[in-house]
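So the sequence lines, in the order shown, correspond to chains A and B.
Reading the first sequence from the start, the letters are residues 675 to 949 in this note's numbering.
Reading the second sequence from the start, the letters are residues 924 to 1181 in this note's numbering.
Calculated from the structure, these hints are not laboratory results.
Keep in mind that a hint or two might mislead.
[What the hints assert, rightly or not] Pairs of lysine-lysine, DSS-like flavour, derived with a Cα cap of 25 Å:
1) B:Lys1050 x B:Lys980
2) A:Lys785 x B:Lys1087
3) B:Lys1173 x A:Lys899
4) B:Lys977 x B:Lys1087
[Stated by the list, open to error] Derived DEER-like restraints, expressed as beta-carbon distance ranges:
5) B:Gly1169 x A:Thr699: 32 to 42 Å
6) B:Glu927 x A:Leu933: 36 to 46 Å
7) B:Ala946 x A:Thr699: 12 to 22 Å
8) A:Leu933 x B:Val1058: 42 to 52 Å
[Stated by the list, open to error] Rough simulated footprint, nothing fancy, chain B against chain A, three-plus residues with beta-carbon under 8 Å:
9) 860-874
10) 889-899
Idealized CB from N, CA, C, for every residue including glycine.
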Amino acid sequence: MSTGQGSTGVRGPTRARIEARTLRTDRWWQAPLTTFVVFSAFVVYATVRAFMGTDYYAKPYLSPFYSPCLGDCVEGASDFGQPFGWFPLSAALIILVFPLGFRMTCYYYRKSYYRAFWLSPPACGVAEPHASYTGESRFPLVLQNAHRYFWYAAIVVGLILTFDVVLAFRPMPGEYAIGDGETGGVHMGLGTLLMIVNIVLIWLYTLSCHSCRHAVGGRLRHFSKHPVRYRLWTWVSRLNVHHGRFAWYSLFSVALVDLYVLLLATGTIQDLRFF
Amino acid sequence: MGYELKLRVWRGDQDGGDLGDYAVEVSEGEVVLDALHRLQATQAGDLAIRWNCKAGKCGSCSAEINGRPRLLCMTRLSDFDPAETITVTPMRTFPVIRDLVTDVSFNYEKARELPSFAPPPRDADGKRRMAQVDVERGQEFRKCIECFLCQDVCHVVRDHDDNKPAFAGPRFFLRYAELDMHPLDTHDRRELAQGAAGLGMCNITKCCTEVCPEGIKITDNAIIPMKERVVDRRFDPLVWLGSKIGIRTKDYDGRTEV
């Protein structure tokens, strides 16, 4: 038996004999609890939306959960064809594994969910409840080392979502226009704006990734022999400091864009059209 | 501007011990170590504390204050409400010797297991050369004062004594990273870091970074880069293939795996 709660760990025979699991007096539980609540809410929302298989396209906006729409999607949603048209379930399930895998293996998210969901540890200096611990040295957690492959996929996903933003500027036919209706030229609505904010945050999150930092220059022994990669590394390093912040912001923005599309597609609201 | 500080200090040894309550006169601008010294001078002459420089540079006075690993000499009393009781205990990861003094020899054993810097032969003029930008990279890691607060807070050994033989801890992952990034070092320690040093056990929950009194970004700048380097060595089939067909940079050429 080896545990912070049991006979070894902080209550082990050689340690200073203190019964309390922690002597912290601050609200150390606040951060993991917040993470738990927000991540759980996102997972529930994303799961429901991914399995719905409807209301993910409101011309010209495509929900990021369904992009690229490779299954049996509604008309206009599939910009890259429908190679998985035979897929019987929601089209989101075909592609969500990539952004989901990217976030699940992300160094920042790992820290957050190990703390908030697995309590390993719940906070610094607070004993964890588990009897044994092997960390990421064994299956399945050793697979976290595949993070860079999900990062490669995240770049492709980022490019596709960028393309979606361009499409969100498409000229809109008269029936979508507000008031007298403007049918030609470039269109921009609140949805376009939300998608721009979302893609900026997605790119900030993707490019501030620790695997990105390693790939562009971190892996080098001699910065001096690779000045361009060194310069790139300094840029990514500057972003990397805020990786956790971008992880949160982009999580909210991606859910918000999807929610906006859902509300448009169900006719609950109308797009606020700027021009 | 003095006031009476309420202190709870752990007193005891491996046979047992308890938190004792004390009241100590303190003055404005003092740190927790000052209060403990006054306690030692006026009420508890046999109180054991390890300390040395009183300037946050020797790493001797590591302890836990209100449950958080900190340096006694760098924790200002002004950070606490004067009415608050401050609880001071020894580091809870290491065997206690007496009162606030612990046996940190675990860390020195781990240091011995780490193959030291292995430079190449000198240049013809008897010198070794590094570019300034490469020198600067390791400077952050050189700030480590070996207070072992990161080792103390790391749950891998704090909560699981049985992991101690197989886990070197954040302080030494910092050293592994520093040497692996060193342009002149001729050892490849990546397998060793993952194997004997137990880098894979780290789940990057960042407590080491949170408690570092030198503000070293242990997780982001040392542990995660080291994990990525281990992935290059051990887990990435593309890197393996690239090295076989000669399209990778030759960063590890001239290095011997230890």
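Structure-based check of each hint:
no. : hint                             : result
1   : B:Lys1050 x B:Lys980             : violated (31 Å)
2   : A:Lys785 x B:Lys1087             : holds (22 Å)
3   : B:Lys1173 x A:Lys899             : holds (12 Å)
4   : B:Lys977 x B:Lys1087             : violated (30 Å)
5   : B:Gly1169 x A:Thr699: 32 to 42 Å : violated (59 Å)
6   : B:Glu927 x A:Leu933: 36 to 46 Å  : violated (56 Å)
7   : B:Ala946 x A:Thr699: 12 to 22 Å  : holds (18 Å)
8   : A:Leu933 x B:Val1058: 42 to 52 Å : holds (51 Å)
9   : 860-874                          : violated (count 0)
10  : 889-899                          : holds (count 7)
Checked against the numbered hints above, the structure breaks hints 1, 4, 5, 6 and 9 and satisfies the rest.
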